[in-house]
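Enquirer: Here is what each chain is made of, one letter per residue.
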Amino acid sequence: MIRLTVKTYSYWFLLPAFLIYFVFYLLPTVLSLFFSMTRWTLTDWDFIGFDNYRTFFSETSLNIGFRNTLIYAVVTCVFKVVLGLFLGAYLSSRVPFKNYLRSVVFFPTLLSTIAVGIAFSMMMHPSQGIINTSLAAIGITGPDWLGNTKIALLSVAFVDVWKGVGIATVIYIAGISAISPEYYEALKIDGGSARNAFWNITVPLSRPAMNSVIILSFIGGLRSFDLIWAMTKGGPGFTTDLIASIIYKQYQAGFYGLATAGNVILFIGVSLLAFPLYKYLARSEVHL
Amino acid sequence: MKKTKRYTAFAAALLLVLAMLAGCGGGTGNGGGGNGASGTDGSAPSNAPKKETISIMVGSTGTLLDAMKAVAAEAEKKLNISVEWDIKPDGAEGDNLVKTRLATGDMADILAYNTGSLFQALNPSQNFVDLTNEPYMADILDSFKQTVTSDGKVYGVPTGSTRAGGIMYNKKVYKELGLTIPKTWAEFMANNAKIKAAGKTAVIATYKDTWTSQLFVLADYYNIQAQDPDFAKNYTANKAKYATTPAALRGFQKLEEVYKGGYMNKDFLATTYDNGLKMLAEGTGVQYPMLTSALDEIYQNFPDKINDIGIFPEPSDSPDINGLTVWMPNGLYINKNGKKVDAAKKWVEYFVSPEGQAALSGKLKADGPFVIKNVKLPDDAYAAVKEMQPYFDQGKTAPALEFVSPVKGPNLENITVAVGSGITPAAKGASDYDKDVEKQAQQLNLPGW
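Top line first, the protein sequences correspond to chains A and B. Numbered by our numbering, the letters in the first sequence go through residues 1 to 288 in order. Numbered by our numbering, the letters in the second sequence go through residues 1 to 449 in order.
No lab work stands behind these hints: they were computed from the structure. Since the model is a prediction, treat every value here as computed from it, not as a measurement. Any given hint could be a false lead.
[To be verified] Beta-carbon label-pair distances, calculated as ranges:
#1 B/237 to A/42: 42 to 52 Å
#2 A/43 to B/84: 19 to 29 Å
#3 B/260 to A/139: 53 to 63 Å
#4 A/139 to B/362: 52 to 62 Å
#5 B/82 to A/252: 29 to 39 Å
#6 B/82 to A/150: 51 to 61 Å
#7 B/336 to A/275: 48 to 58 Å
#8 A/109 to B/209: 22 to 32 Å
#9 B/97 to A/194: 29 to 39 Å
#10 B/395 to A/70: 33 to 43 Å
#11 B/61 to A/139: 35 to 45 Å
#12 A/78 to B/106: 44 to 54 Å
#13 A/139 to B/197: 46 to 56 Å
#14 A/70 to B/303: 29 to 39 Å
From the three backbone atoms N, C-alpha and C, an ideal C-beta is built for every residue, glycine too.
Chain A on its own, in the form it takes in the complex:
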């Protein structure tokens, strides 16, 4: 018998990579599972079973945190997917100053999130911020963007979209430019309009790009922390707390075991939402 494939390299060569993976990924993961069940002061620890999980779930702000995290993830994800698609399609077509416009859209992604957060929280100041002073100039009294408990979370989500839509657009541009021009030519011969081209060719055929955007921005939204911390610190009160900011507050208070338990919960929560979503999206891609 002739073997068709020859094993060129020995599996032993995986060892260094595996060791790195073990030391920097597997080991911390297992350890964090362990430390989430301890009362931990960095130097010593007591094993206390599931008490940390119990405490974390009885956290007053946790209900708000779960709801906010979901709202935040869904809102930012939807806007990035939709806006990114239109921007991507627009910037792939023949428009003047295309490259300039592309860089304008991409520019916010290059900025530090903290800097963006601080800048926007100044612009959103209820009476002195540039947003409300401009609104006042045309006779509209703007709300307190970050102080009003009903809209504070959405204000932060808006900034997140402003900052993140550039990445989505780039992914869409890549996806759209991979569509064979023959489809568009065929459509033209059949007398289709630009609108037909967008809805019947661009949208369905950029589906793989859309799925990447959905997954990336949804998981990013679930784990989001830096922007909310820079803009509201979870306040006023607890109204804009996300799971990640609740965890950070525990850590800040020196409750390391409790914060670790929160992270394990976040990890499990993100997995429970993200894996089925990914499966679903992957399946719908095949059906194309």
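Fit chain B to the given chain A structure using the hints.
Expert: Frame of chain A, contents of chain B only:
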């Protein structure tokens, strides 16, 4: 043939791993060492004490660092010990840094850090040198010592003056409007109404910096203690709660009443501490529940306005109960596991000596009376500080709760923002805080929780 190939692969993999480990080892080798050479060890015995360098970890906000540098300059002349400064951030970030550095054995020789509940969280007996039997301890007031005592041993010396928490007010505006200092909460609310009617902000609220929202609750502790002397003890033992002790609940209710009266500045959620100080100094805002450490900052930015600022205690419901809640100064602690414990001990001894304190208070304007005997307030002390002195003289002071109980929930500032801006009712806020406290006590593994 096949076998040799496998061995070669294994050997190659092993080599890679070894190279990797060697790389890591080289990296960590330098990290742990710390402050390097402990003086040139030529050690020919000479008369002058050997030049030594110790490190001090201290926060950078306020005037303490500058004042300590002044002491260090004097100490270097006298003791031949120079100081290397190890600057840490303040607030919760600094707390974490301190805990991490202690845990990794990388702490400076001397640490300047909070007293009271935050100090208790550092595991003092394991980390710091016991100073109980040092001769200078006799000169330090017991009210301070209890805040740096753990298991009956004293670990720290004070870095400065006390501060009070109360209602800071603009005396000029008070005079203009013909107001008098309120002795009861009802009088305070009446003053607020008059100030509001005059078109000024009655109570300054700066909830953009969330920590400033806690004062109505924290500065009310004198009133709680006056009505319920065992509150701190019972509270630490999980037998008294904010929500179920009427005297304690009042703090949250007062916060709510001020919000409901509409006495706060517009945009209070977007207003910062610095804005608040400016409003107080300029008299657009008339009263500010705050710690007197704010006096330093007002003095830095508005030196000509500093004597317009006064302070009165947070009023209680009875005119007979009227006293100040006092915050103790930070402490200096000597790292037990440091390399230069003896030099650090000498330095600390100099720091609390009359000479050291003279150098210190030359730079540090007092925010309240001192806690070392024979260190008196200078004549040029701030007007507000002089206004505090009578309460101290008459014994009408109480240390803030965080200095007499290790229990303090980390989320108080968020809860007080919620109550103070009408999101949460006072009673709910108090019970939220009780839950927060329970979590902290469990994490500290206090008995009875």
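Enquirer: Each of the hints needs a verdict: does it hold here or not?
Expert: Here is what the structure says about each hint:
At about 27 Å, the beta-carbon gap between residue 237 of chain B and residue 42 of chain A misses the expected band of 42 to 52 Å. A beta carbon spacing of about 25 Å between residue 43 of chain A and residue 84 of chain B agrees with the range 19 to 29 Å that was offered as a hint. At about 31 Å, the CB distance of residue 260 of chain B to residue 139 of chain A disagrees with the hint of 53 to 63 Å. The hinted window of 52 to 62 Å between residue 139 of chain A and residue 362 of chain B holds, with their beta carbons roughly 57 Å apart.
Our hint of 29 to 39 Å for residue 82 of chain B and residue 252 of chain A holds, since their Cβ atoms are close to 34 Å apart. One distance hint, 51 to 61 Å for the beta-carbon pair residue 82 of chain B and residue 150 of chain A, holds here, with the actual separation near 58 Å. Checking the proposed 48 to 58 Å range against residue 336 of chain B and residue 275 of chain A shows it holds: the Cβ atoms sit about 50 Å from each other. Against the hinted window of 22 to 32 Å, the Cβ-Cβ separation of residue 109 of chain A and residue 209 of chain B comes to about 30 Å, which satisfies the hint.
One distance hint, 29 to 39 Å for the beta-carbon pair residue 97 of chain B and residue 194 of chain A, is violated here, with the actual separation near 59 Å. With their beta carbons about 55 Å apart, residue 395 of chain B and residue 70 of chain A fall outside the hinted range of 33 to 43 Å. Range check, residue 61 of chain B to residue 139 of chain A: about 43 Å between beta-carbon atoms, so the 35 to 45 Å window is met. Distance hint check: the CB atoms of residue 78 of chain A and residue 106 of chain B are about 47 Å apart, consistent with the given range 44 to 54 Å.
Range check, residue 139 of chain A to residue 197 of chain B: Cβ separation about 30 Å, and the 46 to 56 Å hint is violated. At roughly 52 Å, the beta carbons of residue 70 of chain A and residue 303 of chain B sit outside the given window of 29 to 39 Å.
Comparing the model with each earlier hint shows violations of hints 1, 3, 9, 10, 13 and 14; every other hint is respected.
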